[in-house]
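First residue of the sequence shown: 565, per my numbering; consecutive thereafter.
Derived from the structure by calculation, the hints contain no laboratory data.
No residue lacks a Cβ here, since even glycine has one placed at the ideal position from N, Cα and C.
One should not assume that every hint holds.
[Claimed, not checked] Quick list of in silico lysine-lysine cross-link-like pairs, DSS-like style, CA-CA up to 27 Å:
1. 758 x 710
2. 682 x 795
3. 793 x 781
4. 780 x 725
5. 695 x 795
6. 795 x 696
7. 674 x 1090
8. 780 x 1102
9. 682 x 1074
10. 674 x 1065
11. 793 x 674
12. 780 x 693
13. 710 x 695
14. 793 x 710
15. 893 x 1003
16. 709 x 773
17. 1074 x 1090
18. 696 x 781
[Stated by the list, open to error] Label pairs and their computed distance ranges (CB to CB):
19. 812 x 661: 29 to 37 Å
20. 1140 x 937: 45 to 53 Å
21. 1197 x 1114: 28 to 36 Å
22. 906 x 713: 25 to 33 Å
23. 699 x 872: 30 to 38 Å
24. 1045 x 692: 55 to 63 Å
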Amino acid sequence: MFPKGPRFPAVKVPQVPGPNAYNPQEPDFDAYKHGAFLEKTTRFMKENVPDVPGPGAYDADAAAKTTRSSSRAGKPVTDRSAALQHKLEELERIHAENKKSHHLDLEHLKLELSRAQKSAAEHAERADKLKKQNDALESRVQELKKTGTSDQADLRELRMKLRVAEHERAQLAAKQGSAGEARQVLQAAESRRKEEVRERERKLAEVEKGLNSERKKRELAEARLADMKSKGDEELQAARVVANSLEAQLRDTRAAAQQMKGALLDLQKRTGDEEEGLLQRLEQHRMLVAQVATEYGRLASTTVPLSVHSRIKEESAILQMRVLRLERKLANAEGQVIELVNLIRHTKEDKQFLSARLREVDAETAFYSQALKDITQEERLDEPSIYRDLDNSLFSMGHEVLQSQASVQQGLVADSSVWSEFYRLRSDTLLLHSSALVKGLGNAEIQLEQSAAELAQAEGKYTELRATLEAAQVAHAEAQRQLSETTASLQISQVAEASTKKQLEDTRAKAQADVSRVEQALRTQKDANHRLAETAQKCRAAEEALQTEVDQMASELAQAERYQEAYNSLLEEVDALVYRNALAEEEAQRISRFNAEILGHNNPNQRIMYVDRIRRELYETKQKLLMSTRDRDAVAVNNEDLRHELELYKSVAVPPEMKPRTTVTRVGRVPLAIQNVNVISGTRLSESAKSLSSTGSLKKLEPMPEVEYGQGDMTIDELM
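Just need the whole structure built from these sequences, with the hints factored in.
Below you can see the structure in the form of structure tokens.
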């Protein structure tokens, strides 16, 4: 920075006038004596025109002659009073410098206190954020619990359906007619139900995994909260240490004030006879101060002006803001890329879902076409025109299925092409934007490096200037120590004492105000820590309540399993009773038919076969009434569940996190054969499907075939 060598040029013959030949104005060195507090002080010296004459501006010989003549002229009283006045001014200046240093120390401590308060506020905000995150996690746990209960209910329903299907399979196995077709239908239904059961179990496992992950996240949040609490306690202890140091500095300041009072009293009492030598030394020190002032002026002229420094500082701030904006834009671009990736993944999942649905449609179409072919092969000789219509409808249905597959494939291809073009354009835009951001960051870094280099040069010059001033201050302090041994008049000392007392009172008042502000800040910090502790306690209480609720739900789940086992046993008993009832009804029909035959043989003119037919019809009506009542109850329960779910979707009072998910909506799917064929074939296929489905549940309770009315049979009127 600066070459090594002597700090000042060689000492020449002094060309300084005698004492009181001029009245130099002391430069303002206060802004350059506290290196760590440049942020709050005026860094550069005011450019005032010095009143001190430069070297060679007067005659040195004449000044020396006047000095000797004045020193030999008997030391007039005016010179002595002027010297004492100058000495008092120096003492006042030293006191003012000490006061300013104390004020700067207080400012520094205030800055540290404000930083501590800011960090405490940040910790409080983090605690609030963690609390909100914990609430969100709790709501997520509640939602997962609800989904788990709903999945368990669905699982129980599927198990019930599986048992019903097994029962129907057992009934269909007892039949002798269309056993093959019923077995195929039953196997398909059983496979679908098993797949649904596996899917439900997989979903339950995923829900349990999600619950475990949420628990881990909550534990991590609690650990972070504990760390932040410990950091807040440490910062509180640091603030207390700072307050104690402030109090110690205040006590030191008071002690220094007492010492200054003692020095003033000593100054009033002491007198001496060494004025001539002290005046000569004072002249030498003035020469030294003048030389220091000239050197300081030279150094001040070579330093950076205030306008240049402020301009560099503003440019640095502008560049920092620009860098922050560029970083924010880059973060936004990264977020957009993540959203695009998620959108691509979602599109792929939709494509897979559509392909799976298309495969299911193909399988069902093949199944129904095979069933229709089997039926048409058996009865084509009887009704050729009807089955020709069925063949035409089946052909049209297959053609429509192929057209729908082709349209779906075309839509998928068009969608993929559009998305690929969109991703390509978006990637080009992001690449251009990122290159512009990188270029702007490079320019900003270059400008920052230049400003940092200029600032380092200015700081180096400042350190050298500060070292020079410290040497001058040491010399001046030595001169003041020697001048403190002189005496002063009583009146001037009293005035100085009064002014010093006033300054001490002001300093004491300011120190008390600073201490009160520090205490108030400490109280606010304590309140913030107390609130943080209360928040942590509430979080722990909420966690304990959640744990108890989880335990209670586990116990209720265990009880529900026992109820489920009992319900399954009851279902088995009911199935056995139904089977026995069916056997009893068959036996009763057989006995009634046998009795009717016997009576018909004994009395051929009064047959009662018609009465037997009426009784069978009554039995069928009762059985249908029971089945319809059971179906009505099941439909009512399902309707109530759907209405409750719909109210949850539409209700405003229900919070958003409690509403059910809308990603998948369960809809009762109608077989596709009814949707794709015309009215005639659709109704016939639906009737055949209903006959196939009803044979399984009502086969054991099926009545005997009706006997055609013949001549000679008795009517209801004849029987009455």
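Now for the hints, and whether the structure bears them out:
{"no.": "1", "hint": "758 x 710", "verdict": "24 Å, holds"}
{"no.": "2", "hint": "682 x 795", "verdict": "13 Å, holds"}
{"no.": "3", "hint": "793 x 781", "verdict": "18 Å, holds"}
{"no.": "4", "hint": "780 x 725", "verdict": "37 Å, violated"}
{"no.": "5", "hint": "695 x 795", "verdict": "17 Å, holds"}
{"no.": "6", "hint": "795 x 696", "verdict": "20 Å, holds"}
{"no.": "7", "hint": "674 x 1090", "verdict": "17 Å, holds"}
{"no.": "8", "hint": "780 x 1102", "verdict": "19 Å, holds"}
{"no.": "9", "hint": "682 x 1074", "verdict": "24 Å, holds"}
{"no.": "10", "hint": "674 x 1065", "verdict": "26 Å, holds"}
{"no.": "11", "hint": "793 x 674", "verdict": "24 Å, holds"}
{"no.": "12", "hint": "780 x 693", "verdict": "18 Å, holds"}
{"no.": "13", "hint": "710 x 695", "verdict": "23 Å, holds"}
{"no.": "14", "hint": "793 x 710", "verdict": "34 Å, violated"}
{"no.": "15", "hint": "893 x 1003", "verdict": "13 Å, holds"}
{"no.": "16", "hint": "709 x 773", "verdict": "12 Å, holds"}
{"no.": "17", "hint": "1074 x 1090", "verdict": "24 Å, holds"}
{"no.": "18", "hint": "696 x 781", "verdict": "13 Å, holds"}
{"no.": "19", "hint": "812 x 661: 29 to 37 Å", "verdict": "21 Å, violated"}
{"no.": "20", "hint": "1140 x 937: 45 to 53 Å", "verdict": "39 Å, violated"}
{"no.": "21", "hint": "1197 x 1114: 28 to 36 Å", "verdict": "34 Å, holds"}
{"no.": "22", "hint": "906 x 713: 25 to 33 Å", "verdict": "29 Å, holds"}
{"no.": "23", "hint": "699 x 872: 30 to 38 Å", "verdict": "54 Å, violated"}
{"no.": "24", "hint": "1045 x 692: 55 to 63 Å", "verdict": "59 Å, holds"}
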